[in-house]
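Asker: Sequence:
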Amino acid sequence: MSSNTITLVGTLATIRPEDTERLNVYIVCGHQILARTNVDANGNVRFNLSQEAIAAKIAYGLELVIGPAGLDTQLDQVPQLQRFPLDLKQRVEGSTEIRLPLERVQINEKILTLWWRWCRKYCVSGSVIGPRGCPVPGAQVTVYSVTHTGGGGLIQTPVATVPTDATGHFTACFNWCTSRFCWPCRPFWWLCWPWWWERDILYVLDAIERKVARPQLNAQFSMPIDADRLPLSRPEGRSLIRGQGFITAETLQSEFGPDAVRTALIRRKLSNPDIRALFPWRWWCCDDPNLIFKVTQGGTVIVNEDPAIDTRWCLEDDSTVTLVGNDQTVSTCPNDPKPVKGFVWTRVGDTTVDTIHAGYADGSAGSDSSDLAFAGTLDIYGEFAPASGVAYYQVNAGQWGGNPARGGTAPFSSAPIAADLYNTVVILHTDLTVTYATVKMGPFNNAGLTNLYATQEQRPSVPAGLLPPFPTVNPGDAVLWGFNGRKVDANASALVGAGSVGGVDLTITGYNSSFAPVVLPSNPADKLTLMVDNSGLTAAQIVDLKAFRADNTPVVSIGTTGACPAYNIGPGGYVKLTVMVADANGHLFEYEVTPDFGSGSTGTTTPGLRGYRQPGPFPPGPYQAPNPALKSFGGGTEDITFFPTVDCCYDFRLLAGKRVTNGTFFPTLYTADFQTATLKVTV
Numbered sequence: 000m001s002s003n004t005i006t007l008v009g010t011l012a013t014i015r016p017e018d019t020e021r022l023n024v025y026i027v028c029g030h031q032i033l034a035r036t037n038v039d040a041n042g043n044v045r046f047n048l049s050q051e052a053i054a055a056k057i058a059y060g061l062e063l064v065i066g067p068a069g070l071d072t073q074l075d076q077v078p079q080l081q082r083f084p085l086d087l088k089q090r091v092e093g094s095t096e097i098r099l100p101l102e103r104v105q106i107n108e109k110i111l112t113l114w115w116r117w118c119r120k121y122c123v124s125g126s127v128i129g130p131r132g133c134p135v136p137g138a139q140v141t142v143y144s145v146t147h148t149g150g151g152g153l154i155q156t157p158v159a160t161v162p163t164d165a166t167g168h169f170t171a172c173f174n175w176c177t178s179r180f181c182w183p184c185r186p187f188w189w190l191c192w193p194w195w196w197e198r199d200i201l202y203v204l205d206a207i208e209r210k211v212a213r214p215q216l217n218a219q220f221s222m223p224i225d226a227d228r229l230p231l232s233r234p235e236g237r238s239l240i241r242g243q244g245f246i247t248a249e250t251l252q253s254e255f256g257p258d259a260v261r262t263a264l265i266r267r268k269l270s271n272p273d274i275r276a277l278f279p280w281r282w283w284c285c286d287d288p289n290l291i292f293k294v295t296q297g298g299t300v301i302v303n304e305d306p307a308i309d310t311r312w313c314l315e316d317d318s319t320v321t322l323v324g325n326d327q328t329v330s331t332c333p334n335d336p337k338p339v340k341g342f343v344w345t346r347v348g349d350t351t352v353d354t355i356h357a358g359y360a361d362g363s364a365g366s367d368s369s370d371l372a373f374a375g376t377l378d379i380y381g382e383f384a385p386a387s388g389v390a391y392y393q394v395n396a397g398q399w400g401g402n403p404a405r406g407g408t409a410p411f412s413s414a415p416i417a418a419d420l421y422n423t424v425v426i427l428h429t430d431l432t433v434t435y436a437t438v439k440m441g442p443f444n445n446a447g448l449t450n451l452y453a454t455q456e457q458r459p460s461v462p463a464g465l466l467p468p469f470p471t472v473n474p475g476d477a478v479l480w481g482f483n484g485r486k487v488d489a490n491a492s493a494l495v496g497a498g499s500v501g502g503v504d505l506t507i508t509g510y511n512s513s514f515a516p517v518v519l520p521s522n523p524a525d526k527l528t529l530m531v532d533n534s535g536l537t538a539a540q541i542v543d544l545k546a547f548r549a550d551n552t553p554v555v556s557i558g559t560t561g562a563c564p565a566y567n568i569g570p571g572g573y574v575k576l577t578v579m580v581a582d583a584n585g586h587l588f589e590y591e592v593t594p595d596f597g598s599g600s601t602g603t604t605t606p607g608l609r610g611y612r613q614p615g616p617f618p619p620g621p622y623q624a625p626n627p628a629l630k631s632f633g634g635g636t637e638d639i640t641f642f643p644t645v646d647c648c649y650d651f652r653l654l655a656g657k658r659v660t661n662g663t664f665f666p667t668l669y670t671a672d673f674q675t676a677t678l679k680v681t682v
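Every letter in the sequence shown is one number past the one before it in numbering that gives the first Met the number 0, and letter 634, counting from 1, is 633.
Hints should not be assumed to be uniformly reliable.
[To be verified] Dumping the calculated SDA-like pairs for lysine to any residue here, alpha-carbon to alpha-carbon at most 20 Å:
1) Lys545 <-> Ser556
2) Lys439 <-> Thr376
3) Lys120 <-> Thr166
4) Lys337 <-> Thr508
5) Lys340 <-> Asp525
6) Lys340 <-> Ala524
Bear in mind the hints are in silico, worked out from the structure with no lab data behind them.
Based on the provided sequences and hints, a complete structural model is requested.
Answerer: If you want it as structure tokens, here you go:
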């Protein structure tokens with residue numbers, strides 16, 4: 000132990016294990032909790048404190064306090080806490096480990112019964128899922144209680160950390176102590192409050208003021224009155240603490256947020272002591288905690304809730320929550336359906352193979368986002384039959400002569416691809432530790448075979464030297480995979496001989512654990528045809544901009560010319576932009592020119608949006624109009640006209656996109672080119 004650390008140890012005798020888990024030992028200075036620690040099942044207590052941090056407090060007097068776990072600022076509220084002076088001066092001056100005088104502590108059944116009336120065991124359950132809705136095993140879920148500060152802020156305090164199981168579920172239980180003071184500025188509750196309480200506060204104040212207006216208040220109202228003495232019914236505390244105590248159809252439709260004027264109005268009303276005497280502030284008290292959650296996975300934060308917007312106010316005991324991880328989450332989606340025999344490809348990303356035809360993803364049928372070629376990193380999945388006996392496999396790529404959807408020639412031969420393949424393994428050990436590891440699945444060479452990959456089932460047993468070592472797995476450990484069924488995870492170009500465009504047939508050759516060939520009975524889905532297009536658009540530019548008056552007379556730029564032209568086109572005048580948007584592979588998605596001007600204004604051009612499934616007419620040849628029968632839209636050059644209506648500087652943006660997908664994302668538009676021009680239409 001570092002010489003800068005003070006170690007305090009002790010043992011609480013005659014405490015039952017079921018009670019020790021609900022106790023904490025605190026070191027306090029006045030009302031400030033400096034440190035706390037749990038009591039183990041045998042009653043043992045251990046503190047490891049920073050000598051520097053504790054030395055500054057010694058002069059003010061320290062106390063050792065034994066009481067219920069989960070106390071924050073409520074130490075003065077729980078009765079019969081066990082308190083003892085704590086002298087650490089000897090250790091600070093160089094003594095050895097200090098023994099705490101816990102043997103003097105007498106915690107009997109009567110005291111525990113009293114404490115457990117105040118503090119109870121609280122549990123919350125839930126599940127952690129990834130963005131695709133699949134479970135997240137082996138993650139660490141930390142539960143935080145959220146309380147108000149005197150200045151109106153929020154404090155989050157960790158109360159429990161538990162792991163998720165193999166299905167992503169968790170249950171966190173902790174000691175929860177009810178506070179008698181639930182307003183932030185307790186005991187001067189009328190000085191501050193959360194803004195979302197204000198609608199309910201005003202509702203109650205209106206009722207009080209109506210009551211005050213009839214009889215004259217007098218000194219008998221020195222304490223808050225009961226609910227039946229106000230002309231309204233008491234809502235549940237959890238509804239009030241969420242700002243939903245007196246919700247009406249009208250208030251639901253109105254916008255609601257922080258309002259300094261409203262806050263000042265409430266503060267002015269509550270400055271009246273007679274109003275305060277009648278105000279039932281205890282209605283806002285709730286016996287359940289306000290909670291948020293943080294989830295880490297292998298040291299990576301995947302859920303990090305913000306107390307300002309994510310707090311579950313007054314969450315009932317035994318509630319269930321669902322926590323959704325971010326894009327860095329490793330989840331374990333179940334395997335796709337396995338075939339009865341042989342092998343089947345199942346999906347590319349989220350695109351299932353039954354929605355891929357002639358090499359193209361169906362996409363959104365009938366829309367511009369249909370008949371999509373494949374590009375980018377392709378995450379391709381497939382499954383072997385349960386009794387196939389396959390331990391290793393090759394992914395064979397056969398190259399098409401031309402486009403599969405446009406009369407191309409199917410492959411005569413194929414060769415194994417050599418793209419690296421990795422998967423993520425999650426190992427839940429019997430000792431409750433968790434291992435996360437990125438595991439290489441291939442390729443490797445052995446027994447005269449090249450570019451082999453290991454199946455998930457075989458990967459822990461791959462002979463040494465063929466692949467990097469697999470993490471240690473002990474009997475009883477659960478081995479889970481982040482990407483069940485992944486067979487290829489590579490740039491699309493790796494499937495077409497490192498080119499950028501081409502059709503490919505993917506097939507599988509299987510081998511058993513001895514590297515002997517395995518005959519795979521044929522299946523309709525054991526061959527996957529993909530049309531790959533990793534190239535950009537052939538052209539996407541504004542070629543020219545010309546201006547005309549209403550009578551079609553050309554207008555010459557006035558003042559600045561070239562890159563920043565200005566035209567006085569007069570009423571009814573217009574500009575004509577010549578654009579060239581083309582794709583030699585016929586995979587044009589959409590394009591359009593958007594005239595942006597002023598503050599957030601956009602004009603309309605003729606023609607407007609051009610797209611794969613947009614209606615014509617289109618320009619004559621050599622312009623290549625959409626042809627869904629051949630899954631083609633090549634585009635070309637055309638003129639686009641715009642009639643401005645106000646004098647302004649216009650930003651003409653050419654938006655264009657390629658009709659491709661990685662199996663998960665749909666095509667989008669990007670700014671391919673732009674041209675600015677100042678246009679004057681008034682006389």
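Asker: Between Lys545 and Ser556, is the straight-line Cα distance small enough, at 20 Å or below?
Answerer: At roughly 9 Å apart (the allowed maximum being 20 Å), Ser556 and Lys545 satisfy the hint.
Asker: Is the hinted pair Lys340 and Asp525 satisfied, with a Cα-Cα distance of at most 20 Å?
Answerer: holds (11 Å)
Asker: Compare the distance between the alpha carbons of Lys439 and Thr376 with 20 Å, and conclude whether the hinted pair is satisfied.
Answerer: Roughly 17 Å separates the two Cα atoms, so the pair holds.
Asker: Tell me if the straight-line CA distance from Lys340 to Ala524 falls inside 20 Å.
Answerer: Holds. Lys340 to Ala524 sits at ~11 Å (cutoff 20 Å).
Asker: Would you check the hint for Lys337 and Thr508, treating anything up to 20 Å between C-alpha atoms as holding?
Answerer: Distance of about 17 Å is within 20 Å: holds.
Asker: Please work out if Lys120 and Thr166 have their alpha carbons no farther apart than 20 Å.
Answerer: violated (25 Å)
Comparing the model with each numbered hint stated earlier shows that hint 3 is the single one that does not hold.
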